[in-house]
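Going down the list, the sequences are from chains A and B.
So that you can map any letter, position 44 of the first sequence is 44 in this note's numbering, and since no number is skipped, the others follow by simple counting.
Here this note's numbering runs 1000 ahead of the position in the second sequence, where the first position is 1.
If you're looking for bench data, these hints aren't it; they were derived computationally from the structure.
All residues carry an ideal CB built from backbone N, CA and C; glycine is no exception.
Check each hint, because a few of them may be wrong.
Once the Cα atoms are required to be at most 27 Å apart in a straight line, the calculated DSSO-like pairs of lysine-lysine come out as [unchecked claim]:
#, chain 1, residue 1, chain 2, residue 2
1, B, 1271, A, 286
2, A, 225, A, 286
3, A, 169, A, 135
4, B, 1271, A, 65
5, A, 119, A, 129
6, A, 298, A, 119
7, A, 225, B, 1136
8, A, 178, A, 82
Covered stretches of chain B, going by a simulated chain A footprint (3 or more residues, C-beta under 8 Å) [stated by the list, open to error]:
#, segment
9, 1108 to 1117
10, 1171 to 1185
11, 1217 to 1224
12, 1259 to 1270
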Amino acid sequence: MKRINILRCATAIAVLACSAFGTSAFAQSDVQTRTFCIYDPIGANGFIYQALQDYVLQARAWGYKLETRAYTDEAVAASDLKAGQCDIASLTGVRTIHFVKFAGSLDMAGGLQTYDEEKTAIRVMSSPKAAHYMKQGPYEVIGVVPLGKAFLFARDRHLLDSISNIAGKKVAVLSYDKQASTLANVAGASPVGASIASFGPMFNNGSVDLAYAPAFAYNALELYKGLGTKGGIADFVLGMLSGQLIARADRFDADFGQKSRSWVFDNMFDSTLSRVTGAEDEIPEKFWVHISGERDQKYREMFRTVRVKLWEEDWYSHRMQHLLKKIRCSSDPGLAECSLDSEGGAVN
Amino acid sequence: MHNIFKWAAVGTASALLLSGCGLIYKPTGHVLNHYTLDEAVPYSLASGDLNKTTCGTGLALSQLMGSFSRVINRPARTLLSTNTLAAMCSESQAQDAHLLVLRNLHNGNVDAARDNRIIAQRWERITALRRYQVFKDTERAYGDLGGQGCPDLTNEMGTELDKLQFLVGTLTSVQGVLSDIQANSTVGIPQDIAARAGRASQCLDNQQWWGVPDALEAIVWLSVPGNAPEGADPWAQLERSAAIGERQGMALAPMLYALAAYGQSDTAREKVGIERVARTYNSDTRPSEFQILNEVAYSQAQYLSDRLWMADSGHRTPLLALGTFPGDSDNSESDFNAEDFL
Chain A
1 MKRINILRCA
11 TAIAVLACSA
21 FGTSAFAQSD
31 VQTRTFCIYD
41 PIGANGFIYQ
51 ALQDYVLQAR
61 AWGYKLETRA
71 YTDEAVAASD
81 LKAGQCDIAS
91 LTGVRTIHFV
101 KFAGSLDMAG
111 GLQTYDEEKT
121 AIRVMSSPKA
131 AHYMKQGPYE
141 VIGVVPLGKA
151 FLFARDRHLL
161 DSISNIAGKK
171 VAVLSYDKQA
181 STLANVAGAS
191 PVGASIASFG
201 PMFNNGSVDL
211 AYAPAFAYNA
221 LELYKGLGTK
231 GGIADFVLGM
241 LSGQLIARAD
251 RFDADFGQKS
261 RSWVFDNMFD
271 STLSRVTGAE
281 DEIPEKFWVH
291 ISGERDQKYR
301 EMFRTVRVKL
311 WEEDWYSHRM
321 QHLLKKIRCS
331 SDPGLAECSL
341 DSEGGAVN
Chain B
1001 MHNIFKWAAV
1011 GTASALLLSG
1021 CGLIYKPTGH
1031 VLNHYTLDEA
1041 VPYSLASGDL
1051 NKTTCGTGLA
1061 LSQLMGSFSR
1071 VINRPARTLL
1081 STNTLAAMCS
1091 ESQAQDAHLL
1101 VLRNLHNGNV
1111 DAARDNRIIA
1121 QRWERITALR
1131 RYQVFKDTER
1141 AYGDLGGQGC
1151 PDLTNEMGTE
1161 LDKLQFLVGT
1171 LTSVQGVLSD
1181 IQANSTVGIP
1191 QDIAARAGRA
1201 SQCLDNQQWW
1211 GVPDALEAIV
1221 WLSVPGNAPE
1231 GADPWAQLER
1241 SAAIGERQGM
1251 ALAPMLYALA
1261 AYGQSDTARE
1271 KVGIERVART
1281 YNSDTRPSEF
1291 QILNEVAYSQ
1301 AQYLSDRLWM
1311 ADSGHRTPLL
1321 ALGTFPGDSD
1331 NSESDFNAED
1341 FL
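Same shape as in the complex, but just chain B (with noise of 0.2 Å):
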């Protein structure tokens, strides 16, 4: 009797090991993908180190939680997070690219900057890559991006997050198209996803996410011809959010009104923005469980203010002097009499 109970329960140790792996998979995968969603997203929100974040938590979840697609169905809210997180990390190199081509186009090193380009160009491909990922995994887990009428954006466990997520995704899938459009459209990311996604855009509450979606309609008004609605004003738009953002001190909107500048070739306002960005970053009033928005503003904020430094110096924004810019210096001569003094 004795080895009977020996030998079932050896044999049920063996059948666990040899096919029963999945057993065990699964509910390590559901169990995983709550604990990214639960913990994990809320404790990347509130980070400070936007390198370790994108970089570490992006590219590693991403391919520790994307595994478990092969389990159990594709956590598409986690890995649309993570991947955002993973396309911000690849976007940093591009961008790093890009200022390099600047830094020897100014220099006049015409083949360095050939091959910057090209390096940019590669680090586009993997960043619209992972963003196309990102719009696929929003529309799988929120329906059709800016088609009939709202997702329910209501969380099981009664939290925000869903909406966030779903802000989020919507942003991201707009910047995957421009990510493409800047590696000469080899993904083929479809153009169309930019106005769904200004629409989709408006199935959030401005004000509760600091001026985001309507700054984001804004621009999509902007850039693509005959999206804005008869009397609609972009930059007005625009204005109303970056004040809603500098308010709550969450400097995503201020960012996005100097992106909307950048991309009209409108270097006046770019730099209203980029200061608009600087100012909300150091204000007292940032929402801290939300901190790593805040330096993904900043770093975008750097990289369009680095570009006019690089262009016009031929270096990089100074450091901590985000909001300056080349020229600026008021140690001028002209009022400046000396005589005076001695």
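Chain A with its partners taken away, still in its complex shape (with noise of 0.2 Å):
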């Protein structure tokens, strides 16, 4: 009798272990492996890669683990995408523009002003009704956030006081960013090819008389140095500068890339946000040149120019590009390029 219960026992822990093992190994199969290319210009200390981790964390929440590299250049991080190495890659609008225009596009040249106008654009964008736009071929942008507002410096300040002063001087310019060299044509500079390791020690040690920059790149790369006694940051607005989170979708769910869009739009843009705004708190305000009335009105002719140019050229998405000059002209109704047939369409 007693042999019998031990037998019983041994029965019961049996298909419990075998259950629960069971369980686990179930557990295990669910979870899928995906590898996550971060570019960050400081590596795996670097503020975008460790803010990813939050992002990492709700993946896991998802059934994805991920495991994360970072890449400091941000061309190898784009290839390895492409090449399969990466199931998702975090890279800047201005890149993912090849891969997803309409997602890409939110970086145009001048294409919004503040941080509440960005905000609003995301939050179309990560909006279900435009899940439609956010994929193309098999890419799909599963995230955006605001990595900061690109603005002008010079070594010389007067360069900033009107457009015709720019004539002729030397502006670095990223070489795979056609938006920029397009913008420098149009107001006659003349464009330095440079990367992101090298338009910092041009514009400090005089190579060039102009570069343009988000917030973070003033401290980080010194860029006081070149902006010495007499230099100025125009606080036009050029571009905002977003991070973008790209994957192949064909390696998750179909309902994957907008439970993430919405995800990060609820979750990470105002942390990202209050991180680049810190940043813009840190320039001196004796560096800022006030850009306003005449001078407002001709640098956005210019940028209308610039986008126009780029709309025949077929360059941004067309549908992004009127989405944002409707938000423009939804914040600031009075501009002169709202009742335009520019860009899509008068818009009042």
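With the hints as a guide, bring the two chains together.
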């Protein structure tokens, strides 16, 4: 009798153990491992890489274990995404335009001036109604965060007094950034090819007169050296830099992209923005050159000319171009462009 | 007459008691400051007990010596050392929490992992605040970090202490930038400190300081876009520095090699760096008067190793097994035929 009980007991334990093991084995197989390539100029110790650890945690809750890898060269991260070595890559909008035109066009020249406007744009992009536009071929943009306004840095602040002063001046332009070289040409400046690694030293040692960069670069790259005592930074926003998560859609469930976009907007926009504005606050007031009134109108007109040119060249997504025009005119209905036919038609 | 003396004595004592504490505190402050620099710092440097030194000496002396800022000039050189230790104490708490994030991610406990991440960020913020103070005290003691020229690091007692303090202050300042990034930049440590520290490192003799100055400079080259001069090869420099450290029995430069590799997500090099730290730490040539620096290097390398182990296996590096990695085992059946022995 005692023996039977022991056997019963052993059988029960075995069944329990098997079922526990079975559950655990199921849980393990239910998790899918994916590669997440993160571009951060500083590497794994950088702000972008660290901020995205929150996303890694959330993805685990959705059943994806993301193995992260830092890239200090964005071009390498983009080519690894193309080659299928990354299931998700975190790139800037200037780069994602080559994968998903609609999403990458967010960073267009003079597209937006305020973070409220950018928030509206990203809210639209993250909504289910825009899901269709966030996919192109095998790629899908599954999250967008603000990385800061791009500003024009001048070694001589008088260059910023009038657009005509820029004519003939050398400006550092990232070689892959078509809109920046177009802009330089429209302004009559001489674009000088640069990279993320070289533009800081070029500006600081006087190889170029002008450079554009987000506020992050001011301290990290010691751009105050190039600004010296005469330099200045125009507060007119050349473009909004965005960080975009771009995935190979077939490596994820069908509903993953939308779930991810909504989560990133709800959980990462504000925290990323506070980091970005913190960097802007670090720039001393004495360097800012306020662009307003007639100067602002002239700047805006020049940027409109650039966008119209790029519309004709089909460089930007026309849908995004019209969307950003609507946002600009919604926050500032008095803008001259609002009643013009450019960029998809008048909006009021 | 006798009474006059008696009352004078009572009056003097009362005056001292009521208003003369400053007369005692000021010299006490100076004496303690010098004592700490002359005795407590070298004693801590020679210690082999990292926890006691960072969380004991570092925390306690930071508060005690910091309080003398109220009665004498801020004892910056002393506080630079004590806050460096105190920051290591809080950093070890942060690292523990980071490891639990990885463990809970490994096991799929996302809520717990999120909670661990918040704890880690809180400790990182405390660490960043302490390290920012180290940066400020380094500048107070030795002038602008990475400014024009190099500070005079000649010590009035004829020791090498100021050179070491400057090295520690420079290294800790860079670490402060990284701690702040981990804390979502809530402290606001200026990021140019990295580039400035890279230049400041060159005020020190690379051979004398176990390859650390050049290793630090190379890390800055790798981390700050455009910082490396033309033709510079950060990895070759890190390699040379790690070799110098290894030869001299000081694991700091090999640890920086591993840290640089971690920053670049170069796991192969990271493992090489960790192995070198383990080898150096266990060598016979360790400088005993700087034992705590080897303990620091070992602890940092162990954290990097723990991250690799935790992500792969859900646990830390096995006891005294620094330099081994998940999947290293050579006990697999593939090359072994038991039948040969049967």
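Here's how the hints hold up against the structure:
no. : hint            : result
1   : B:1271 to A:286 : violated, 47 Å
2   : A:225 to A:286  : holds, 14 Å
3   : A:169 to A:135  : violated, 40 Å
4   : B:1271 to A:65  : holds, 23 Å
5   : A:119 to A:129  : holds, 16 Å
6   : A:298 to A:119  : holds, 25 Å
7   : A:225 to B:1136 : holds, 21 Å
8   : A:178 to A:82   : holds, 20 Å
9   : 1108 to 1117    : holds (count 5)
10  : 1171 to 1185    : holds (count 5)
11  : 1217 to 1224    : holds (count 3)
12  : 1259 to 1270    : holds (count 4)
Figure legend: structure checked against the earlier numbered hints; hints not met, in rising order: 1 and 3.
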